[in-house]
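**Q** Chain residues, written in single-letter form:
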Amino acid sequence: MKLTGAAHLVGEHIDTDAIIPAPYLVTTDPAELGKHCMEGLEPGWNTRLAKGDFIVAGRNFGCGSSREHAPVAILGAGVSVVIAHSYARIFYRNSFNMGLPLLEVGDDISRIQDGDPLEVDIVTGQILNKRTGETITAQPVPPFMQEILNAGGLVNYVKQRLTA
Amino acid sequence: MRHAVAHTLAMKLLQAASDEVIKEAGQIVRCRVSLVLANDITAPLAIKSFRKMGAATVFDKTKVALVMDHFTPNKDIASAEQVRGVREFAQEQDILHYYEGGDCGVEHALLPELGLVGPGDVVVGADSHTCTYGGLCAFATGMGSTDIAGAMALGETWFKVPQTIYVQIDGELAPYVGAKDLILHTIGKTGVDGARYKALEFGGGTVAALSVEGRMTMANMAIEAGGKAGLFPADAKTLAYAKAHGHAATQEIWPDAGAPYDEIITIDAGSLSPQVACPHLPDNVRGVDELAAEHIVVNQSVIGSCTNGRIEDLREAAAILKGRKVKKTVRCVVLPATPNIWTQALREGLLETFMEAGCIVGPPTCGPCLGGHMGILAKGERAIATTNRNFKGRMGHLESEVYLSSPSLAAAAAVAGEIVHPASL
Ligand code: SF4
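These protein sequence lines are chains W and F, in that order. First residue of the first sequence? That's 1 in our numbering, and the numbers climb one at a time after it. First residue of the second sequence? That's 1 in our numbering, and the numbers climb one at a time after it.
Warning: the hint list may mix true and false statements.
Listed next, the stretches of chain F that the computed footprint assigns to chain W, with coverage defined by at least 3 CB atoms under 8 Å from CB atoms of chain W [said to hold, decoys possible]:
#, segment
1, 45-54
2, 149-155
Once the Cα atoms are required to be at most 25 Å apart in a straight line, the calculated DSS-like pairs of lysine-lysine come out as [to be verified]:
#, chain 1, residue 1, chain 2, residue 2
3, F, K392, W, K35
4, W, K159, W, K51
5, W, K159, F, K61
Hints were generated in silico from the structure; no laboratory data involved. In this text, all values refer to a predicted model and were calculated from it rather than measured experimentally. All C-beta atoms in this analysis are idealised placements derived from N, C-alpha and C, irrespective of residue type, glycine included.
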């Protein structure tokens with residue numbers, strides 16, 4: 001499946017307090033959390049997003065707290081995929097569990113600029129930058145994470161185990 | 001138990017909870033968990049996922065802890081509603097370890113005190129500072145709510161066996177230098193993602209000399225280096241702590257000789273001055289001597305949290321504040337981390353010292369640590385705090401600043417109105 005949208009660049013070590021500040025953690029509603037997505041980086045940041053756009057980040061995206069509200073807020077804001085140099089561990093695990101696809105591309109992240117139109121294939125991990133015509137390939141998803149994705153996320157994975 | 005391959009502490013602890021043979025880092029293993037934890041922010045999402053999974057009951061009602069500590073006492077209607085939902089779930093599931101009222105404290109200070117975590121345990125919590133229990137030689141790590149819901153339903157979870165960075169710390173600490181300075185210095189060396197996907201394991205003479213509480217202060221901040229766990233061996237001190245708090249562990253736990261470390265960091269503790277993490281990342285660490293020259297004025301000093309809200313932290317702060325006054329321009333907020341610590345501080349006269357100095361003594365709560373309540377910063381305000389994160393906006397307005405330090409430095413700054421070496425007061 002190919003997804004198209006624009007790249008929105010954020011920096012390195014973007015923490016979960018930046019993604020969704022603590023005062024908003026009094027709800028679990030995706031739409032409500034989505035309204036405040038990246039507010040800890042810049043108030044009103046989410047208003048630049050069109051549905052299906054991409055967050056493009058530097059190193060260690062999602063560091064900090066274990067709040068699952070972070071991937072939920074990103075999904076709630078309408079982002080389809082996050083592309084980063086690398087991810088913090090808890091955020092990485094949470095995103096797969098919540099059904100937010102992440103692509104990890106290492107140093108190739110520098111080949112994407114703010115506003116670039118991208119075409120992303122989350123199955124093959126191919127990212128086409130339509131401005132430059134270049135294609136970047138993301139690192140493959142670890143087999144165990146793939147199993148969870150194949151089961152339709154962790155909720156279904158556990159459901160299958162409970163009924164087995 | 002002897003293994004075919006030498007094990008790091010992380011491998012050893014995971015092995016004891018798994019039926020699969022652990023051969024190397026990177027392997028994915030399923031492990032039984034000894035305790036599953038969630039708080040007032042993360043439990044509501046975990047319960048939502050638990051229901052969606054179609055789970056009827058938790059795997060063991062004595063092995064789930066729900067601690068309503070972040071916004072306690074509930075700061076507004078929305079947080080009260082969240083807690084009500086968790087309370088109803090706890091009642092329905094007959095959860096033994098549910099804490100909300102006068103028995104509630106900051107989760108990572110509360111659970112060790114209650115003997116619910118200890119040497120050899122595998123603990124998962126929907127809170128990133130679950131790694132605190134590594135100070136007691138438990139393999140403990142933070143996860144998201146849905147992972148925690150899975151663990152609550154199944155009594156097990158999966159882990160990627162982490163690589164380990166071994167941190168060897170030797171040397172005698174100078175006055176006013178302690179566990180917090182050691183961990184801030186370590187994070188300054190590794191960077192905030194230096195231990196990403198890895199475990200930190202601590203050893204050496206300085207570590208052996210630290211109290212178990214001090215080790216928990218250090219393990220607490222392993223996540224600030226990106227680490228999955230921060231582990232200390234279980235020695236005689238750890239076992240004495242476990243016994244005193246009613247935990248069943250009786251065996252020392254050490255890494256195997258020749259364990260496969262990914263990297264070794266050595267720290268000469270004798271040469272360290274008190275350390276401060278400057279805005280806006282915990283690895284932006286500098287010595288206090290250098291900072292004092294810059295006369296960094298603070299509006300607030302926070303002494304508490306899961307990092308430094310234990311009794312020895314309060315004693316350390318009180319030693320500085322005794323007979324002195326908090327500067328008129330500073331709010332000094334002291335939050336003993338649990339009701340027990342609060343009572344002990346009362347008995348020891350520490351609370352009196354704080355009140356006479358002009359501090360604000362509050363209830364056990366996370367409160368300002370995450371910008372929740374009880375000490376929020378205005379635009380342009382600056383705080384020094386014994387907490388663990390100084391991300392942009394963590395304690396209030398996006399244009400406020402947080403400096404992280406030990407209790408003695410936070411107390412000294414409250415008196416001086418700026419960041420100073422306590423010896424200079
Ligand atoms: S005291 Fe701070 S870091 Fe610790 S659990 Fe509470 S909010 Fe998290």
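**Q** Is the hinted pair W/K159 and W/K51 satisfied, with a Cα-Cα distance of at most 25 Å?
**A** Given that 25 Å is the threshold and the Cα spacing comes to 31 Å, the pair is violated.
**Q** Is the Cα-Cα distance between W/K159 and F/K61 25 Å or less?
**A** 20 Å, holds
**Q** Given the hinted pair F/K392 and W/K35, is their alpha-carbon gap at most 25 Å?
**A** 19 Å, holds
**Q** Does the segment 45-54 of chain F contain three or more residues whose Cβ lies closer than 8 Å to a Cβ of chain W?
**A** Our answer is that it holds, as 6 residues pass the Cβ test (under 8 Å) against chain W, meeting three.
**Q** With a C-beta cutoff of 8 Å, work out whether three or more residues of the segment 149-155 of chain F approach chain W closely enough for the coverage to hold.
**A** With 4 residues closer than 8 Å to chain W, the segment 149-155 of chain F meets the three-residue bar; holds.
Going down the numbered hints, you'll see the structure goes against just number 4.
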